[in-house]
Amino acid sequence: MKPFAYARPKAVSEAVDLARGGATIMAGGTDLLGLMKDGIAAPERVADIRDLDALKGWSRSKGKGLRIGALVPLVELETSAELARSMPIVHEALAPAATVQLRTMGTVGGNLLQRNRCSYFRDEAFPCWLKGGLRCFAIEGDSRLHAVVGAEECVAVAPSDLAPALIAYDASVALTGPRGSRTLPLADLYVTPHGRVRREHAIAPDELLLEVRVPENALGRRGAFEKAMERKTWSFALVSVAVSVKVIGGVARDARIVLGGVAPVPWRARDAEKLLEGRALDDAACQAAADAAMDKAEPLKDNGYKVPLARELVRRNLQRLA
Amino acid sequence: MVRVPKAPSFVGPGAIDVALEVNGEAVTVHVPPHRTLLDTLRETLGLTGAKRVCDEGTCGACTVLIDGKPAYSCMTLAVACADRRVETVEGLSTDGLHPVQQAFIDHDAYQCGFCTPGQIMSCVGLLRQNASPDTEDVLRAVSGNLCRCGAYPNIVAAALAAAKKTKR
Amino acid sequence: MSIKVVRTKSEFEGTISEETALVEGTDLRSWADDAGLTIVGKRHPRIDGIARVTGRAMFTQDLYLPGMLHVRMLRSPYPRARVRKIDARRAEALPGVRGVLHRSNAPKAAFRGEETIFRDEVRFVGDEVAAVAADTEEIAAEAVRLIDVEYEVLPFVADLEEAMAEGATKLADAGNVSDSGKHDRGDVKRAFAESKVVVEAIYRTSTQLHNSLETHGAVARWDGGELTVWESTQHVFGVRAGIQAALKIPYKDIRVLCDYMGGGFGSKGGAGKYTIVAAIFARQLGKPVRCFLTRDEENLAAGNRSATYQTVKIGAKGKKIHAIEHLSWSNAGQGRWVADPTGPTNGLYDIANVRSRSYKVLTSLGALASFRAPGYVEGTFALDQAIDELALQLGEDPLALRRSHAKQTTDPVTGLRYSLKRLLRCYDIGEKEIGWHRRKPEGARGSAPYRRRGYGMASQLWGGSGLPPAYATVHLNPDGTAVLRCGTQDIGTGTRTVLAQLVAEELGLEVDAVRVELGDTNSQYAPISAGSLTVASVGPAVRLAAKDARCQLLEAASGLLEMGTSELRVQHGQIIGQGHRTSIGEVLGQVENFTVIGKGSRFPNPEGLSLKTFGAHFAQVEVDVRTGEIFVEHVVAVHDIGRVINPLLATSQVEGGIIQGLGFVLSEERIVDRPTGHVVNGNLEGYKIPTVRDIPRMTVRFTEDADVKANNIGAKGLGEPPIIPLPAAIANAVANAIGVRIRTAPITRQRVLEALSLQ
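Residue numbers (our numbering), protein chains in the order written: chain A, 1 to 322; chain B, 1 to 168; chain C, 1 to 759.
What the hints contain is simulated information worked out from the structure, not anything from laboratory work.
Incorrect hints may have been included.
Said to hold, decoys possible - Derived DSS-like pairs (lysine-lysine); straight-line CA-CA distance at most 27 Å:
{"hint": "1", "chain 1": "A", "residue 1": "Lys-37", "chain 2": "B", "residue 2": "Lys-69"}
{"hint": "2", "chain 1": "C", "residue 1": "Lys-108", "chain 2": "B", "residue 2": "Lys-164"}
{"hint": "3", "chain 1": "C", "residue 1": "Lys-196", "chain 2": "C", "residue 2": "Lys-320"}
{"hint": "4", "chain 1": "A", "residue 1": "Lys-37", "chain 2": "A", "residue 2": "Lys-2"}
{"hint": "5", "chain 1": "A", "residue 1": "Lys-56", "chain 2": "B", "residue 2": "Lys-69"}
{"hint": "6", "chain 1": "C", "residue 1": "Lys-4", "chain 2": "C", "residue 2": "Lys-547"}
{"hint": "7", "chain 1": "C", "residue 1": "Lys-42", "chain 2": "B", "residue 2": "Lys-165"}
{"hint": "8", "chain 1": "B", "residue 1": "Lys-69", "chain 2": "A", "residue 2": "Lys-10"}
{"hint": "9", "chain 1": "A", "residue 1": "Lys-301", "chain 2": "A", "residue 2": "Lys-62"}
{"hint": "10", "chain 1": "C", "residue 1": "Lys-319", "chain 2": "C", "residue 2": "Lys-196"}
{"hint": "11", "chain 1": "C", "residue 1": "Lys-252", "chain 2": "C", "residue 2": "Lys-319"}
{"hint": "12", "chain 1": "C", "residue 1": "Lys-182", "chain 2": "C", "residue 2": "Lys-170"}
{"hint": "13", "chain 1": "C", "residue 1": "Lys-4", "chain 2": "C", "residue 2": "Lys-252"}
{"hint": "14", "chain 1": "C", "residue 1": "Lys-196", "chain 2": "C", "residue 2": "Lys-182"}
{"hint": "15", "chain 1": "C", "residue 1": "Lys-108", "chain 2": "C", "residue 2": "Lys-252"}
Produce the entire structure from the sequences given, and follow the hints as far as they go.
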């Protein structure tokens, strides 16, 4: 790890100033330190935002939905009984995510902004396209963990399990920076690396993620989460699927089907969602939606297995909600 | 003593003084901001119970308690621990063995012993938060600690036995 | 006592060799099964438990000496290249750098068949190119990046099957493939012609990485002409020999120490390049030098279990196996040997016609190292699946088919009688514990939709007899406590505790009264802690040393108590005579300070007998046929290893073997990027070893009869046996569950889903 200068801003404005001056923002550090140890990130200045009270804690106010500060430790989202009631998918997604230690150290903001786990990207020895190189090494090399849908020049997958879960609740994120504050649908925080865009997130280097917001009407939506791993725990998802749906009068409304581990961004299966609108969640509908969810899949040489796996997890989630 | 300063001024990249509490004692270490807590414990403070196995948060052998909660010391900067409480395996047995330590002996909850301090700290962290854990709670607590020898069943048994004893 | 020269045949990891050793005195007969032992055979927690749970156990990694320098290596980024030029000036100029070693300035040092540590031609990604010693590890790492190297990149092969193929890039003049083992019995050609049913299949196993939690490393200190090396090793005497060969330092000036060590699993068998480099730097720079590998380096350059490509052809006449042909190719990387996966095929089952060949294949990857039952895990994965495949074709129960080939009382390879064989009893116990009667040839419905349940089993054959030479001394103190000294190591198996139990039993002490000092070349020689040979090699020597001490104690006591030695015995720290019971301390306290020194040596194994361990694993699994997920529900492990010295520790050992086997068969696979020869998952994120949640219910049983013909403690080894049959048992259970056989390990979700999609 390259030595760096360190500061601990006490206010959001100070943090933004530091970021504008070129400092890299660090919260729990569980991703950033990994990137630094691997030689993928080498900031000269680091702004540790752990003291920013404005980014701490979560609250729910009647009619206004839920606000979750970017610094809330993942373990709090996982273990809070109240949150588990209002967002069961988030609870389900976090229990198998990483480990207790990492969920204790890691924050909501850090999880949503973590970089991909492609071993070529994480290995300094490979000058891959995403790092400014000429090509993707995974396509010709080992692609068993990579994207089956939606990828352009880079086939790394979005690693977060929390992101699909929150997107299934129509979450948005509040950002602030030197050019002011803005709110984005969480789904739009993620960009598919392509062309001149060699990054995975829409946040600017000098912007700060303040909080996640979940609208009132999405809370309490029924939902389910499934994750397939290479061992029983402590693995990034081969495929993860978050599904939420309102069942009104026996038919599905407003379904959200969001997949992790299959695409460079949390993958919203919109065709499958549309197909369910107004239909009863019977076996045929669940299977049809599952098939539609992977309609556009274009697997690489090693990862064809992810397609049936993703379909099945979608189908199971829907069936659990039927 | 130079505390971690008020923002927005920077300290480092050279060594600075960081004051923290380690095993109940106030200590000040002189380390650069990029030094991990693990390396600080082992090399600066001579506390070698926490082990360096992967150095990237993927094995759990460096687990310590920070403010009472289990954390990977290899993925924590020492400077970020200013004014926080750090507990290592060496701090558990100042007054006889901790019940978790005794249970590890009784249940043969180790083989080579290299992951043991981390496993023990994870179990101690669990018992702090949950005095009567069930098997699922223990599995959750030690899922982040790899053991290459495969002492897992005995580790789970030891944690449950220690909980029983502590409760009594 | 007089010294005798003995010659004996000994087995180490499947290879039988002739040994010459020195022994002293006469051997004892083994304790009988009904000897009324009170310490041996009993559960006893580890005697070093407190050190392990308090963090006080001193591992080599924990040694920080004043003024110590730190070494980092520059490693080749290419799988094969000629080093044309090295310019280390920028590195040497970095403040804090104390020395740089590379091929142009390193002293000659013979190492594993080569004359130098740093080769002109680097042969795998991770091969050592240069080393830097600096004040801190960080500076050393930075300096490594400042070394300028000009490489001439050469053609390479980074894959086993590619290297085996015709026209492959030749990595050696003689080609990539060379013979490494053969066995012929009967007439295989004719037997296959006579067989009504013949099954033939290809089996593949992946490269497994040891990932001992403590990486390979050493600390070297050179003072006053004496070199002290602390090393995380399974063989302090092996490290000493390696240093002597490389640096031509006489034995008297080398001391190698290993107190606690964080796992080796076969990979820490002698000096590494890191040892020699640390020693050279220590001598050149006059400071202690520490050289430890990082996790990534560990997974590139510290050994691995060879990947294999195996074909098994098996034929039946009637309901019996008539012939088997097993061909096996092992990926040696840049290793100089390979293990032989055909061992179990040659020796496990009573089959009249056998032909086996094994081959070593060179590739542009790091060398293999022994890994817990090298060859036997891979070979059993193929053999015991082939037997199940044949059983299916024959409509036979796979356990019944094995039973009919497991009755022989002589070793089919050597023709020698077994000293003891309880394989059939292993089958009986396992069959009952797993509930084998529930196994249906077509599998069964599982506990949830799309889940199928299956049962499988496999057998285990391994040596484990132990071998000479091994020596020990027992120092008995006037207070009735004793110190056992022996140059063996405790690599996590519990050697300290088991040896203390043997001393306590034989000498008549409590276990707590015995201190065990090991891992020191200034002590008595003991063999490598590998090959399941520690207990059976060192244990008998320790017992003799304790017996020698007991005899001397009784002679002394007889003088002090004025009673005949034959009237006295020692038990639990008491000297007991007729109507007389005094503590040892009280008796010996009557004299001035003294030390009774008992000596013992390991006698040869019995002539004309075959000493083997046997066992069987049974597994119950469920497989989700839509997600490819495997749920291992229950594993029953039954082993026949002679006397079990400490059932608590033996059970831990078996559970550990099962768990490592689960990793091998379900999740562990080194992945190599073929276009570049880089290992892409040389870390604990991408390389998946089992977690606590991957563990099934486990039932561990021993047949428990002492092998009284084997040696004076009646015990054989247990290190390797519990990993050997597990992968095949799981593979057979999976095949039974889903009706499709997956012949490649690990059986990942990917492979399950791909196999099912081909249905």
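Going through the hints against the structure:
no. : hint                     : verdict
1   : A:Lys-37 with B:Lys-69   : 24 Å, holds
2   : C:Lys-108 with B:Lys-164 : 61 Å, violated
3   : C:Lys-196 with C:Lys-320 : 10 Å, holds
4   : A:Lys-37 with A:Lys-2    : 8 Å, holds
5   : A:Lys-56 with B:Lys-69   : 18 Å, holds
6   : C:Lys-4 with C:Lys-547   : 19 Å, holds
7   : C:Lys-42 with B:Lys-165  : 25 Å, holds
8   : B:Lys-69 with A:Lys-10   : 24 Å, holds
9   : A:Lys-301 with A:Lys-62  : 50 Å, violated
10  : C:Lys-319 with C:Lys-196 : 10 Å, holds
11  : C:Lys-252 with C:Lys-319 : 63 Å, violated
12  : C:Lys-182 with C:Lys-170 : 24 Å, holds
13  : C:Lys-4 with C:Lys-252   : 24 Å, holds
14  : C:Lys-196 with C:Lys-182 : 26 Å, holds
15  : C:Lys-108 with C:Lys-252 : 21 Å, holds
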